[in-house]
Amino acid sequence: MPIHIIDRRLNPGGKSLENRQRFLRRAKSLVQGAVKKTSQERDIKDVLEGGEVTIPLDGMHEPRFRREGGTRDMVLPGNKKFIEGDYLQRSGQGSAKDSGPGEGDSEDAFRFVLSRDEFVDLFLDDLELPDLAKRKIAQTESEGIQRAGYTMTGSPANISVSRTVKLALARRIALKRPRKDEIEELETAIEACTDEDERAALVARLEALKAKAKRIPFIDPLDIRYRRFETVPKPVAQAVMFCLMDVSGSMSEHMKDLAKRFYMLLYVFLKRRYKHVEIVFIRHTDRAEEVDEQTFFYGPASGGTLVSSALQAMHEIVRERFNPSDWNIYAAQASDGDNSYSDGELTGLLLTEKILPVCQFFAYLEVGEAGGSAFDLSDSSLWSLYERLRNSGAPLSMRKVSERSEIFPVFHDLFQRRDTAQEKAAP
Amino acid sequence: MKERLFEGADWDFHTLQRITDACEEVALKDLGLDVYPNQIEVITAEQMLDAYSSVGMPLFYKHWSFGKHFAFHEASYRKGLMGLAYEIVINSSPCISYLMEENTATMQTLVIAHAAFGHNHFFKNNYLFKQWTDADGILDYLDFAKNYVMQCEDRYGRIEVERTLDAAHALMSHGIDRYPGKKKLDLRAEEKRAGRRRQHEEEVFNDLWRTVPKGAAKSRSTLSIERRRKLLGLPQENLLYFLEKSAPRLAPWQRELLRIVRHIAQYFYPQSQTKVMNEGTATYVHYRIMTRLHEQGRISDGNFLEFLGSHTNVVFQPEFDDPRFSGFNPYALGFAVMQDIERIVANPEDEDREWFPDIAGKGDVMGVLRDVWANYRDESFIGQFLSPRLMRHFRMFHLHDDPEERAGIRVDAIHDERGFRRVRRELARQHDVGFIDANIEVVDVDLSGDRRLILHHHVIKGSQLNETDAKRVLQHLADLWTYDVALIEVDANDKVLREYVVSPRPIPAAVA
Numbered sequence: 001m002p003i004h005i006i007d008r009r010l011n012p013g014g015k016s017l018e019n020r021q022r023f024l025r026r027a028k029s030l031v032q033g034a035v036k037k038t039s040q041e042r043d044i045k046d047v048l049e050g051g052e053v054t055i056p057l058d059g060m061h062e063p064r065f066r067r068e069g070g071t072r073d074m075v076l077p078g079n080k081k082f083i084e085g086d087y088l089q090r091s092g093q094g095s096a097k098d099s100g101p102g103e104g105d106s107e108d109a110f111r112f113v114l115s116r117d118e119f120v121d122l123f124l125d126d127l128e129l130p131d132l133a134k135r136k137i138a139q140t141e142s143e144g145i146q147r148a149g150y151t152m153t154g155s156p157a158n159i160s161v162s163r164t165v166k167l168a169l170a171r172r173i174a175l176k177r178p179r180k181d182e183i184e185e186l187e188t189a190i191e192a193c194t195d196e197d198e199r200a201a202l203v204a205r206l207e208a209l210k211a212k213a214k215r216i217p218f219i220d221p222l223d224i225r226y227r228r229f230e231t232v233p234k235p236v237a238q239a240v241m242f243c244l245m246d247v248s249g250s251m252s253e254h255m256k257d258l259a260k261r262f263y264m265l266l267y268v269f270l271k272r273r274y275k276h277v278e279i280v281f282i283r284h285t286d287r288a289e290e291v292d293e294q295t296f297f298y299g300p301a302s303g304g305t306l307v308s309s310a311l312q313a314m315h316e317i318v319r320e321r322f323n324p325s326d327w328n329i330y331a332a333q334a335s336d337g338d339n340s341y342s343d344g345e346l347t348g349l350l351l352t353e354k355i356l357p358v359c360q361f362f363a364y365l366e367v368g369e370a371g372g373s374a375f376d377l378s379d380s381s382l383w384s385l386y387e388r389l390r391n392s393g394a395p396l397s398m399r400k401v402s403e404r405s406e407i408f409p410v411f412h413d414l415f416q417r418r419d420t421a422q423e424k425a426a427p
Numbered sequence: 001m002k003e004r005l006f007e008g009a010d011w012d013f014h015t016l017q018r019i020t021d022a023c024e025e026v027a028l029k030d031l032g033l034d035v036y037p038n039q040i041e042v043i044t045a046e047q048m049l050d051a052y053s054s055v056g057m058p059l060f061y062k063h064w065s066f067g068k069h070f071a072f073h074e075a076s077y078r079k080g081l082m083g084l085a086y087e088i089v090i091n092s093s094p095c096i097s098y099l100m101e102e103n104t105a106t107m108q109t110l111v112i113a114h115a116a117f118g119h120n121h122f123f124k125n126n127y128l129f130k131q132w133t134d135a136d137g138i139l140d141y142l143d144f145a146k147n148y149v150m151q152c153e154d155r156y157g158r159i160e161v162e163r164t165l166d167a168a169h170a171l172m173s174h175g176i177d178r179y180p181g182k183k184k185l186d187l188r189a190e191e192k193r194a195g196r197r198r199q200h201e202e203e204v205f206n207d208l209w210r211t212v213p214k215g216a217a218k219s220r221s222t223l224s225i226e227r228r229r230k231l232l233g234l235p236q237e238n239l240l241y242f243l244e245k246s247a248p249r250l251a252p253w254q255r256e257l258l259r260i261v262r263h264i265a266q267y268f269y270p271q272s273q274t275k276v277m278n279e280g281t282a283t284y285v286h287y288r289i290m291t292r293l294h295e296q297g298r299i300s301d302g303n304f305l306e307f308l309g310s311h312t313n314v315v316f317q318p319e320f321d322d323p324r325f326s327g328f329n330p331y332a333l334g335f336a337v338m339q340d341i342e343r344i345v346a347n348p349e350d351e352d353r354e355w356f357p358d359i360a361g362k363g364d365v366m367g368v369l370r371d372v373w374a375n376y377r378d379e380s381f382i383g384q385f386l387s388p389r390l391m392r393h394f395r396m397f398h399l400h401d402d403p404e405e406r407a408g409i410r411v412d413a414i415h416d417e418r419g420f421r422r423v424r425r426e427l428a429r430q431h432d433v434g435f436i437d438a439n440i441e442v443v444d445v446d447l448s449g450d451r452r453l454i455l456h457h458h459v460i461k462g463s464q465l466n467e468t469d470a471k472r473v474l475q476h477l478a479d480l481w482t483y484d485v486a487l488i489e490v491d492a493n494d495k496v497l498r499e500y501v502v503s504p505r506p507i508p509a510a511v512a
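Just so you know, the sequences run in chain order A and B. At position 47 of the first sequence the residue is numbered 47 (our numbering), and the sequence of numbers has no breaks. At position 323 of the second sequence the residue is numbered 323 (our numbering), and the sequence of numbers has no breaks.
In isolation and in its complexed conformation, chain A is listed as follows:
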């Protein structure tokens, strides 16, 4: 009888991926809620990690006709002391058996693991990059180099040794070049040989072999191969995200926390679109400095407020390190809205002339104390400045936030799918 043994391990995996997607689609709202809840407890970089979520099984239940209750009979193994007619108390062990081997209610909640991509997809739902990005598409390509086989000509630096030796070996075998040990063998044979005639014959053969070895070189120019490269257009797959924040005395911990959450979302969002995302943290009082994340959020600082200093710093960093033709530049600014009046003009100028032209997207987030009543009074100086700029056509996105729970909706607002670029201008 013939027996077939088949190795299925090489078959493409993920056969049940489709079913999984159907399941996630069906449980979408439940899973999404769980994802948001989980993400609230995480730190900026961990948000991307995916992981386990728990959803209630309610909508996912597969009902069956099941029976329960009534008189039950069962046969069990392991009798130690019972005899016919004994009665067992129902408490404890008895009631444990009541729940029985059936499915019961054991499936109330359902835990499972989401992959990183699934997690982020659900987290960001249907967000889109702002239309602004499209303006840059033509420019988001640069020349890259990639390997493209071998060539007969090229510069010595590009010689492919392995390929060259391989070809040389093939040629030597094909042309029957005498091997070294062959010649050595013959030489020892000559040494050991006593008979003159035979010796002469051997010497003649040795000479012939040596001549042949000389005629057929070890490596012929014909064998040499060079690695070939060709240039290909390469889309820019990197982005830099500038986090600008006012850290003057008027910013409370609560406000910084709001800002952090917003940056977090932006980071996650960019990370999904770009292979490589850099973050630059610029904090400012009346002067600006580039700092690490820890200092940015928690380092103490005091002083007045000059927004233009931060914009100036950003402009310089862009000029030095992030060529706009190689990088997609995103900036998000968080502030409580204070700015010294004398600085307004310079800020506006820097923004419209230097910053906005190189940015894909610039968001301004005005954070307030919990309760948010302060916003009802009047617009802050920075807000009115930005609003004026926006009304005159500058591509700015701006929102006010005072509660943690508002962050996600605001982010959602800023990045949701848009049909026309104009809509973006409306608050």
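Because the hints were derived from the structure by calculation, they are not lab data. Hints are not guaranteed to be accurate.
[To be verified] Pairwise CB distance ranges (calculated):
no.	chain 1	residue 1	chain 2	residue 2	range
1	B	E46	A	S155	26 to 32 Å
2	A	H61	B	Q131	31 to 37 Å
3	B	F316	A	Y298	41 to 47 Å
4	B	D10	A	R215	37 to 43 Å
5	A	K212	B	E46	44 to 50 Å
6	B	A346	A	N11	44 to 50 Å
7	A	Y298	B	Q151	55 to 61 Å
8	B	R78	A	I83	43 to 49 Å
9	A	N11	B	E499	31 to 37 Å
10	A	D195	B	D10	53 to 59 Å
11	A	T54	B	Q151	44 to 50 Å
Where is the CB? At the ideal position from N, CA and C, for every residue including glycine.
With chain A's structure known, arrange chain B on it following the hints.
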């Protein structure tokens, strides 16, 4: 002494081939097994999880519930809560066994002996499998089902198809013909038939007819109740069959989907009735083959000890007060009874001669076992062959739990002279699917009135349906029937215990 099949734990495909050949030699010559041709496939853990989520079948139509099961299994597997099976075997011809790549050479030998010869012989020879399943056609049929569901999704939308399948799955346990008499399932013909019917529909489709005014419907009030029930084939316990044939407003493709789910349920029906026997047979066969290979010197002592370790784990039966206890282990029970039969046939004692006059001392162990494997299912197998000696060995006892009884749970019988027969009868009943599944049937349809579908649940021993689940399943049923559905729970004296009435949810116009 023959040559070793392998040394240590490593194996490659040549090893597998040698192992299979050696197992086959023992299985066919020494044990006289009769098997389908074998196909052995090596898979990864992920592929094993894939197989888990689609009830072990290599191909299946797409449905979210399989994704749910996959996510569930995967989560518990990753956390280490659940080990994966060493193998999965499919009742098809050729008989496909999936082996996990992680298994050691010894485990592969065990698994090949277990699945490719044990289960395989049982599938091919047991009367239930012969009667209800079509091993030659199943894979083609599943392929057809998969494509058909896919086509339906293209034509009628994923949501619509999902709704129908959800409903069909809810009724799956009541989509089975329990009594033979109908012709055997021929899945190849089934597939062709579906194709022909579609073709016929396309050929005779004429949109004009839709606009022709209908004549006055024939009055059915004249039909007597008896005649009406007879026309509809009532009472009918196969709910899916009834809906497929009689639901008034289902589209043809929906009927076909119900039919597919019904056929698949029917295919698995024998497996649920023969868990103890099936696993017992496979375990007994692997034990015999492994022992024989060891005797022949083809497996080293060390590897044989490894095998004994796994084998002991497989047939471990915790006692009722052990935290690990979750009912009788079908491997343990089946294997024990089959070993006991071997003993009775070869070396009977006086007690055995009294209890098993037909087989005691008959001498031909394999002959008797092959006959048992062919002609019994769990219920009759236990009812017939569980010996007093085994009941003493397992120290079995019978509990009777009547909620009315204040004093507690009564010990009704134990493993003594007075109790043997009662314990055995009760354990057999526990393995009778007829007692496990709720007995629900369609009894009537109010055709002259509001077309309400009436079902009865015959309550046994006061065990009624779980309310939330019952309502949900009935909702699905009503959606398919498209009129009200009533389920009445009646006890043995026809006393009504409870009544459910469910109306269909409004369905989008797509259902013609």
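**Prompt:** Which of the listed hints are broken here?
**Reply:** Per hint list: 1, 3, 4, 5, 9 and 11 violated.
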